[in-house]
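Undergrad: Residues per chain are reported as follows:
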Amino acid sequence: MSKSTSLLRKLLLLDVLQGLLITLKYYFSRKVTIQYPEKIQESPERFKGLIRLYRSEAGEPLCIACLACQRACPTDCFDIEGERREGTKRLWPKRFDWKLDRCTSCGLCVEVCPVDAIRHSDIFRQTTLTRGPLLFHHDEMYITGEELQKYLCAGCLP
Amino acid sequence: MRAETWIFEFLIPVAKIIAVILYPMIMVIVMIWLERRVVAWIQGRVGPNRVGFQGLLQPIADALKLFFKEDIIPKEADAFLFNISPPLVMFSSLLAFCFVPLGESFRVGGYTLNLWVADSPVGLLLVLGLSAIGVFGIIFGGWASNSKYPLMGALRSVVQVLSYEIPIGLTVLTVVFFSGSIDLIEIVNHQQHGRVWFGFMLPVSFVVFWISGIAETNRAPFDLPEAESELVAGYHTEYSGLKFAYFYIAEYTHMVLVSSLVVILFFGGWLPPFPNVRFLSFLGWIPGFVWYLIKIMFFLYVYVWIRATLPRYRFDALIKLAWKWLVPLSLANLFVVVALKYLL
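Taken in sequence, the protein lines are chains A and B. Just so you know, we're using our numbering here: the first sequence kicks off at 944 and counts up by one. Just so you know, we're using our numbering here: the second sequence kicks off at 3 and counts up by one.
The following block holds chain A by itself, in its conformation from the complex:
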């Protein structure tokens, strides 16, 4: 661009007007905000939410109480005890206490689990009004979704 045209552009504020037009275009653009409590963004596939225990298709606990997660946990979240049952060759979890207030969501327990019983869920809302619900016992480790939200956040959801 020659010097005179650049001077003319400056004097007529053309660059400023060009910028204003661009922002005007964005003014009418689609907004990227997701209005959180009403709409919740879908979690990515490998999202590391709260860890949950899962059952087999037959409805039995997958966990074999091998204590691998307990040993792997850097913050000592787990208190697990296994028991033998008549006629089965595996261990069954008798006690499975998991403390959410110590968990850092590092995912080491998930990696180390030999039977894929413990996995990340897509749940990320983990607020409570007291510390009580932050301790999960064995049967509470299976609840997910809205039910878990009710369990955790007593005042938030209707």
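To be clear, the hints were calculated from the coordinates, so they are not data collected in a lab. Honestly, I wouldn't trust all of these hints.
[Stated by the list, open to error] From the derived model, a few chain A residues whose C-beta atoms are all more than 12 Å from chain B:
#1 949
#2 962
#3 977
#4 987
#5 997
#6 1020
#7 1053
#8 1055
#9 1066
#10 1083
[Unchecked claim] Here are the simulated BS3-like pairs of lysine-lysine, each with C-alpha atoms no more than 25 Å apart in a straight line:
#11 A:946 with B:322
#12 B:150 with B:71
#13 A:991 with A:1042
#14 A:1042 with A:968
#15 A:968 with A:953
#16 A:953 with B:322
#17 A:953 with B:326
#18 A:991 with A:1093
#19 A:1093 with A:982
#20 B:326 with A:946
#21 B:150 with B:77
The C-beta atom is built at its ideal place from N, Cα and C for all residues, glycine as well.
Here the structure of chain A is known, so what remains is to put chain B in place on it, guided by the hints.
TA: Just chain B, lined up with the frame of chain A:
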């Protein structure tokens, strides 16, 4: 005392006094909301939309929050100056509204209701002077805080406002030259009766005045006195609670004032547009102050729009713009306007 005199001598003046404080406050509320929403929309966000209808009560919620905040005075600060500067800033911009007319006067029965508090023959001068007094509040606040960032912010603000007063004065001169009066009401009336508004007659004056007006109110892209990336919050860094709210409100009041001035000086105040076009004559039926508000809101919108578009100036570039471009340009503009007026 008769009821009529009681109404005319007491009630209406009191109502005007309340209105002249309430009107800028309401405009400030709308402006804060407008700014946050428009900037958010331009950035692809939604902005505050929870408190009240579409977030309109958000500024009130903010003010309530500030009301309950602790009032902190720095240890080594000059308490008197520190306390007096927020009211000083507020006072200067609020007092200026006394001289800003809100619309044409209309008759109710046998009484003429003027939509202004004080009709001064030197209104323009007073408004410009009062808006310049606000700088003292900024200097005092920055100096009395006894802290480095406020001091730097105050120094920058002084240099900036003093530099940009000159192009403002020179461009206002062209308008005054054409209207032959520095009475704001006279200036508006002069644009009536099929005359072209000064903004279209003197486009250079308008643009220079608008740029200088943005700089005068310390707004982006000229918001160096409160450049948050360099100076935390500039001259009001050490202020908290309601004193901070005073600075905040005063800044927005000042913006409303500059927009009002632009509308009055360059865009016909409360006059409806297109008075000569026959089929658009119904526009004249809309009351004057509605037109006035629409025009002011447009310029407030442009304020926000510019803020969302342009990045902040470097300080030397800012001063260079004032002294190397705007002052010579407005001087040349004044000269050309005067020459044309006498030659034609």
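Undergrad: State for each hint whether it applies.
TA: Quick rundown of the hints versus the structure:
Residue-level check passed: residue 949 of chain A sits 14 Å from the nearest beta carbon of chain B, beyond 12 Å. At the 12 Å boundary, the C-beta of residue 962 of chain A falls inside the reach of chain B, the nearest C-beta of that chain being 5 Å off. The claim that residue 977 of chain A lies off the interface is violated: its Cβ sits roughly 9 Å from the closest Cβ of chain B, which falls inside the 12 Å cut-off. Every CB of chain B lies more than 12 Å from the CB of residue 987 of chain A, the least distance being 21 Å, so the non-interface label holds.
Residue-level check passed: residue 997 of chain A sits 37 Å from the nearest beta carbon of chain B, beyond 12 Å. The Cβ of residue 1020 of chain A sits about 36 Å from the closest Cβ of chain B, beyond the 12 Å cut-off, so the non-interface label holds. For residue 1053 of chain A, the shortest C-beta to C-beta distance to chain B comes to about 35 Å, beyond the 12 Å cut-off, and the non-interface label holds. Residue placement check: residue 1055 of chain A keeps its beta carbon more than 12 Å from all beta carbons of chain B (closest about 41 Å).
Remark: the non-interface label on residue 1066 of chain A is consistent with the geometry, its nearest Cβ contact in chain B lying 25 Å away (cut-off 12 Å). At roughly 33 Å, the least C-beta separation between residue 1083 of chain A and chain B is larger than 12 Å, which holds for a residue marked as non-interface. With a CA separation close to 19 Å, the supplied pair residue 946 of chain A and residue 322 of chain B stays within the 25 Å bound. Of the supplied pair hints, the one linking residue 150 of chain B and residue 71 of chain B holds, its CA atoms being roughly 23 Å apart against a limit of 25 Å.
The straight-line distance between the Cα atoms of residue 991 of chain A and residue 1042 of chain A is roughly 16 Å, inside the 25 Å bound, and the hint therefore holds. Between residue 1042 of chain A and residue 968 of chain A the alpha-carbon distance is near 50 Å, which puts this suggested pair outside the 25 Å criterion. The hinted pair formed by residue 968 of chain A and residue 953 of chain A meets the criterion: a straight-line CA distance of about 22 Å does not exceed 25 Å. This hinted pair checks out: residue 953 of chain A and residue 322 of chain B have alpha carbons roughly 14 Å apart, not beyond 25 Å.
For a cut-off of 25 Å, the pair hint linking residue 953 of chain A to residue 326 of chain B stands: about 13 Å separates their Cα positions. Of the pairs offered as hints, the one joining residue 991 of chain A and residue 1093 of chain A holds, with about 20 Å between alpha carbons and a cut-off of 25 Å not exceeded. Between residue 1093 of chain A and residue 982 of chain A, the direct Cα distance comes to roughly 17 Å. Compliance with the 25 Å bound is thereby established for this hinted pair. Taking the CA atoms of residue 326 of chain B and residue 946 of chain A, the gap is about 17 Å. The hint holds against a cut of 25 Å.
Restraint check: the Cα-Cα separation between residue 150 of chain B and residue 77 of chain B comes to about 14 Å, which is no more than 25 Å; the hinted pair holds.
The structure fails to meet hints 2, 3 and 14 from the earlier list, while all remaining hints are met.
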